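Residues per chain, in single letters:
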Amino acid sequence: MDWTLFFVTTTFALYIGIAIWARAGSTDDFYVAGHDVHPTVNGMATAADWMSAASFLSMAGLIAFLGYGGSVYLMGWTGGYVLLAVLLAPFLREFGKFTVPDFVGDRYYSDLARIIAVICALFVSFTYIAGQMKGVGVAFSGFLGVDFNVGIVIGMVIVFFYAVLGGMKGVTYTQVAQYCVLIFAYTVPAIFMSMIITGNPIPQLGFISNAAGEDISMLQKLNTVVTDLGFQEYTQTDKSMFDVFAITGALMFGTAGLPHVIIRFFTVPSAKAARLSAGWALVFIAALYTTAPAVASFARLNFIDTVNESTYIAADEDYQARAAEIEAAGGTPIPEWYGDWEVTGLIGFEDKNGDGIVQFRGPNAPDQLENEVVPFSADIHVLANPQIAQLPAWVIGLVVAGGLAAALSTAAGLLMVISSAVSHDICRRTLFKSMDDKTELRVARGAAAAAVVAAGLLGIFSSQLGFVAQVVAFAFGLASASLFPVIFLGIFWKRMNKEGAVVAMLFGLVSTFAYIVYFKFGGGTADQYLFGVSPEGIGFVFMWGAGALGIATSLATAPPPQDIQDLVEDIRVPGTRQAHGIADADMAPSA
Amino acid sequence: MSEKKQTDAKGYWAATIRLTLSLLAIWFVVSYGAGILFRDLLDQVSIGGAPLGFWFAQQGSIYVFVGLIFYYCFAMARLERKYGVEG
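Protein chains in written order, with my numbering: chain C, 1 to 591; chain X, 1 to 87.
You can trust all of the hints, since none of them are fake.
Quick list of the computed label-pair ranges, beta carbon to beta carbon:
| no. | chain 1 | residue 1 | chain 2 | residue 2 | range |
| --- | --- | --- | --- | --- | --- |
| 1 | C | L431 | X | D40 | 55 to 65 Å |
| 2 | C | V374 | X | D40 | 30 to 40 Å |
| 3 | C | T344 | X | F28 | 37 to 47 Å |
| 4 | C | L431 | X | F28 | 36 to 46 Å |
Read the hints as simulated data drawn from the structure, not as lab findings. Just so you know, these numbers come straight off a predicted model, no measurement behind them. Backbone N, C-alpha and C define an ideal beta-carbon position, used for all residues, glycine too.
Chain C with its partners taken away, still in its complex shape (with noise of 0.2 Å):
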C-alpha cells in the first residue's frame, strides 16, 4: 500500500508541476495550445487522451472472456484513427478553427446545426466522462482505502487544476506524461505474464508460441481447456457474423467521430502535422492495443490452471498453514490472491457440491457440474495480473498510477470538450456574438470549472445506478449515426447544404438514442433486433441512414451558397485557406 501511495503522490504531484508550467494565456492557448504542438508530443497526448480507463482495467479482461468477440475492440478502437488520418484531420486542421460544432455551423452556415452539434458533443462527452470518473473512484477505493466519493473529488481536484489553469496547453503536457505512466505500468505485468505463460518475453510474440515447456501453442491449450470447462472456443464466437462486423463499424466510425479526439488535432500546426501526428498516436495506442490480447490469453489460461480444480482456503484462515496441509495431503491449495481479491466482491466461491474444491465451470460443462466461481467478473484478469506473476509491490503501486493516468488523461480531453461547447460554441459563437478575447477565456475557465463539478457529481451518482457500461454503446453509437456523416460529407461534397445537415445530425441523434434506450433501458429482447444488430452496433447501420437522408435532403434543396462551397475548395487543398464571408464573418480562421 505505500508504495501505491507513494506512486500515486508523485505522478499527481508531476501533473500539478507541468499545469503550472503550461498556464494558458490565451483563447488560442486554452482552447487549441497555440497550435504550436509538435506532431509526435500531439500523437502520445492523444493516445493518452484515447485510452481510457476502459481501455487500461476493463479491456483485456473483456477480451480474456470474449476471445475471438473482443476483437470489435481491437479493430474498432485503432481502425478508426486510419478513417481519422485520411478523412477527417487534415482538413479540419487546415479549416483551421477551435471546436467540432464550429465547423458544423461555419460550413452549414446554420446556428441550429451548430446546436445541434453542441448538443451531440455534450451528450457523448458526458456519457464518457461519468466512466472515467467512476474509475478513479474504483481505483481510490480498491486500492488506497479512500471512500468512493472522497476518490472522485480527489481527481476532481487534480483535473481541475491543469484543465483549468492550463486548458489545451496544460491538457496536452500532462497527457504526455499520463502516457509515459500508464504504458509503463501496462508492459511490465504483461512482459512478465508472457514470460511465465510462453518463455517468450514479448507478448506480442508469446501470443503465437508454443505454452512453455509443452508441444502445443498457447492459443490451442487454451482452446481445449476452455471448451473442456464448457466455454465457447476461445477463436470463435457465438455473435453473428453481421452483428460483428456492425458493432467493429459503430467503434471505427464513432472512434473517428468523438470530439475529444478530433479537436486534438487542431493543436498541430498544420494539416500535414496532423496526418503525421495520427500515425504517432496509433503507434502508441498500438503498443497497448497488440498488448491487450496476448495478456487477455495468458490471464485465461493462468486463471483457469491455477484456480480450476484447487482447495478452497478461507480469507479468515492462516493462508500458509493451511496450504501447507493441502500439499501434504495431496491437493493443490488455492492462489493467495484469490483471497484477496474476494474481498473487492469481484470473485467469490460457492461449494455448490460441498466438496472444498473450486470448480470453475462454462454454461455447457461435459461433466454437468455446476460453476462455482460466484460472484466472477472478467476484471479480475487485468487487476490480479502483478500478484500472478509474484511481482513485488511497487508494481501493483505501478498500475493503480496507471489506471488513474489513463482515466484522469481521457477526463481531461472530454472538459476540453465540454468547456469550449459552451464557452465557445454557445457563448461566443451564438448567444454574445460580440463577446472579447479576454472574456471568453474567463467563460472557458468558468465552463471548465463547472464542468468538472459536474462530471464528478455524474461520476458519484452513476455509480449508484450502475450504468456506465451499459451507456458507452451511446457514445460511440451517437458519435458515428450523428457527427460522422455531416463532417465527412461537409469535406467531401460540396453540394451537401444546411438542410441535409439539420436532418441528418437530428435523425442519427433520435434514432440512435431511442434504439439503444429501448434494448437498454426498455425491455426490448435480442429477437427484436434490427438485422439482428444489438444496440452496440447499431449507430453504424444509423450511420448509413443519416447519410442517405443527408443526401437526399440536400438534392431536394437549394444548393449552399458559393462561399460555402468556395471553403470547402480551400479546406481540401492545403495553404490555400481564405476568409470567405458567410462562413468566417463572425470569426477569421487562424494560421
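Model the placement of chain X on the given structure of chain C, informed by the hints.
Frame of chain C; chain X shown alone:
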C-alpha cells in the same frame, strides 16, 4: 497564374481521392475482410498456432493500420510536391 493554380489544385484533389480510396480498400480488407468476413477461410492456416483470421482480428489489422497512416503521410507529401501544393 490563377488559372494554373486552379488546375493544380484539381489534379491534387483527384489524386488525393484515388490514394484515399486505395488505402481504404486495404483498411477494409485487413479488418472486415480478413478479421470478419473471410475469417473461417483464413483460420485454416495458422501463424505460430494462432488461426490466421483470428490473428488478423486481434493483431495483424492493427499493424497494417499503422503502416497505412505512415504511407499516407509519405504519399501525400509526394503529391504535394508534384502538384505544387504547399504542405
